[in-house]
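Peer 1: Given the coordinates of chain A, assemble chain B onto it according to the supplied hints.
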Amino acid sequence: MALANTILQRRNARAGPHEDGDEVRREPAAVRFLIVALAVAFLVVFLVLPLITVFQQAFMHGLWPYLAALVEPDAVAAIRLTLVVAAISVSLNLLFGLVAAWAIAKFDFPGKSVLITLIDLPFSVSPVIAGLVFVLLFGAQGYFGAFLQAHDIQILFALPGLVLATVFVTFPFVARELIPLMQEQGTQDEEAAISLGASGLQTFFRVTLPNVKWALLYGVLLCNARAMGEFGAVSVVSGHIRGETNTMPLHIEILYNEYQFTAAFAVASLLALLALVTLIAKVLLERRAAAE
Amino acid sequence: MRRLIATAVPLLLLGTAYAADVTLLNVSYDPTREFYAEVNRAFAAQYQETTGRTVRIKQSHGGSGRQARSVIDGLKADAVTLALAYDIDAIADRGIIAADWQSRLPYQSAPYTSTIVFVVRKGNPKNVKDWDDLVRPDVTVITPNPKTSGGARWNYLAAWGYALKTTGSEAKAKDFVRAIYANVPVLDTAARASLITFLARGVGDVFLSWENEAFLAINEFGKDRFEIITPSISILAEPPVAIVDKTVERNGTRATAEAYLRFLYSKEGQEIAAKHYYRPRDAKTARKYAALFPELELFTVDGLLGGWRAVQQKHFADNGIFDQISGQ
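Taken in order, these protein sequences are the chains called A and B. Position 235 (the first sequence) corresponds to 235 in the numbering used here; numbering is contiguous. Position 304 (the second sequence) corresponds to 304 in the numbering used here; numbering is contiguous.
If you are wondering where the hints come from, they were derived from the structure by calculation, not from laboratory data. Model, not experiment: these values are computed from the prediction. Certain hints may be false.
Said to hold, decoys possible - Cβ-to-Cβ under 7 Å is the rule here; a few derived chain A residues that face chain B:
hint : residue
1    : Leu136
2    : Gly139
3    : Phe144
4    : Ala158
5    : Leu159
6    : His240
7    : Ile241
8    : Arg242
9    : Glu258
10   : Tyr259
To be verified - The calculated label-pair distances, taken between Cβ atoms and stated as ranges, are:
hint : chain 1 : residue 1 : chain 2 : residue 2 : range
11   : B       : Ala171    : A       : Ala275    : 51 to 59 Å
12   : A       : Pro65     : B       : Asp224    : 15 to 23 Å
13   : A       : Phe46     : B       : Glu220    : 23 to 31 Å
14   : A       : Ala275    : B       : Glu227    : 34 to 42 Å
15   : B       : Asp224    : A       : Gly232    : 33 to 41 Å
Where a beta carbon is used, it is the ideal one built from N, C-alpha and C, also for glycine.
The following block holds chain A by itself, in its conformation from the complex (with noise of 0.2 Å):
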């Protein structure tokens, strides 16, 4: 409830007096009163309860069964490699959506609207299809299977699988934040540059790059998140092998299965908690964004 306030409180704040405010002002008192509540009520029902609900689930039993859950090797080893597993996919991303925008934004070639439906496909496809996609072409049944079984090369059931699927269902998130700034920007900054006599990585590095770095900033935090988050695709190509191939949210839902209820929330309520850093430095980076 504090939370939805001083979120409305800032909104407003931010929004200031301007004309379309006066607009609203001259709605009755009521149907004003009528429409923040709504939005808080929506606010606090989808939003804050259940998180809410999280902690305290997580802390049922007291602080001890708490962390007790989280130090517990399983839940270290799923902590582990959800790090690795995003910093690799985050990586990828980043390389990948930086190259992809650019093209996009600063040159013309055919096929250029076909690459930007692409690389909106994992937005529209459910994650489940992503990764039964990758079990057609990599399971011991499907199109490679047999070769990579005859060299031993492990690509499902193991860290290259769920590198993979956490890749497909992060594909946009840098990219489709950074394509419609580097459009807007134009190409006129780095015409000047190379007019100058700069080369084409030093325009790249010192003219593109930190005209984009608050955007790409923001695309990042957003693939993280969702790539520690990422549950469907993972869970297919998982192989849910105890402290090996289980990331966090495929081992809350395990103990949950296992109605050790204390432990999956005390997990979840790590993944929250990211959630919620996530949030902040959304914020943060807003601020000091629009202080440039």
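Peer 2: For chain B alone, coordinates are given in the frame of chain A:
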């Protein structure tokens, strides 16, 4: 820098020194984690004592059918310990497990059993004693949809088998099961959802459950709030185990994997199974834990109902008996 290497290298070596002589992967189903964690510890100790070698057993858990699917897709399990023979058959159909797997270990390769029981609220306020009470108009029953939940098929078949055995007629059994499902207010899609409906949300008078899972759930949600009622007749659930031939050939782990599964039949293995609420096969262990597992008449899917494939076709296929009684 040199000091860093000096400390890092022994640490890394320490990490590898810990690795066991043999590593096995046991792919199992959902609620068996605690059980197999204890089995693995006991087996590792015994293995080291008899062979002088160390063994580490990794575990994987999930829905039984999905776990079977993962093994088919290349999850390198040395042993599978699933809920249904049907799921191991599916793996065997791909040639990953030998076709005669079920006859390689005693008791059709099922070292422990369970059955379907009733969970009721403490004090049994509706006085539910047996299946006949479930058709009473004042009793509501919580069980998931057997079309979508593998576990719920056992519940359905337990009721069906009881009616078949007591009335001797399929037509009457159909009426009986229809009457039970008429008392189900919410037909959840999965067992877990049903459990939450009954235990956490407080809907319904009777919850149908595997016996071992009923114990686990009650331990978590409070022994002072729920109790278990064992009916006079129920179904014998035989969760089977098997060695995955393709993996053990590749890894050279056949002997260890076999010893691991045979350990489940040993006195110690049976004792651990009973402690985790599976009914032991061993008569002596069964007597020791008799207080936990009341006696009842048990029938099998193979014996009374003609096997899983037949049951699947007759009851749960589209327009099968379940569709007929639920009025679709």
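Peer 1: Each hint needs a verdict: does it hold in this structure or not?
Peer 2: Right, here's what the structure says about each hint:
1. Leu136: Since the shortest Cβ distance to chain B is 9 Å, the answer is violated.
2. Gly139: Gly139/A check passes; min Cβ-Cβ to chain B is 4 Å, inside 7 Å.
3. Phe144: violated (11 Å)
4. Ala158: violated (9 Å)
5. Leu159: At 14 Å from the nearest chain B Cβ, Leu159/A fails the 7 Å test, so the hint is violated.
6. His240: holds (5 Å)
7. Ile241: For Ile241/A, the interface hint holds, since the closest Cβ of chain B sits about 5 Å away, which is under 7 Å.
8. Arg242: Holds, because the Cβ-Cβ distance from Arg242/A to chain B comes to roughly 5 Å (cut-off 7 Å).
9. Glu258: With a minimum Cβ separation of about 5 Å from chain B (threshold 7 Å), the hint on Glu258/A holds.
10. Tyr259: holds (4 Å)
11. Ala171/B with Ala275/A: 51 to 59 Å: holds (56 Å)
12. Pro65/A with Asp224/B: 15 to 23 Å: holds (19 Å)
13. Phe46/A with Glu220/B: 23 to 31 Å: holds (27 Å)
14. Ala275/A with Glu227/B: 34 to 42 Å: holds (40 Å)
15. Asp224/B with Gly232/A: 33 to 41 Å: holds (38 Å)
The structure shown violates the earlier hints numbered 1, 3, 4, 5.
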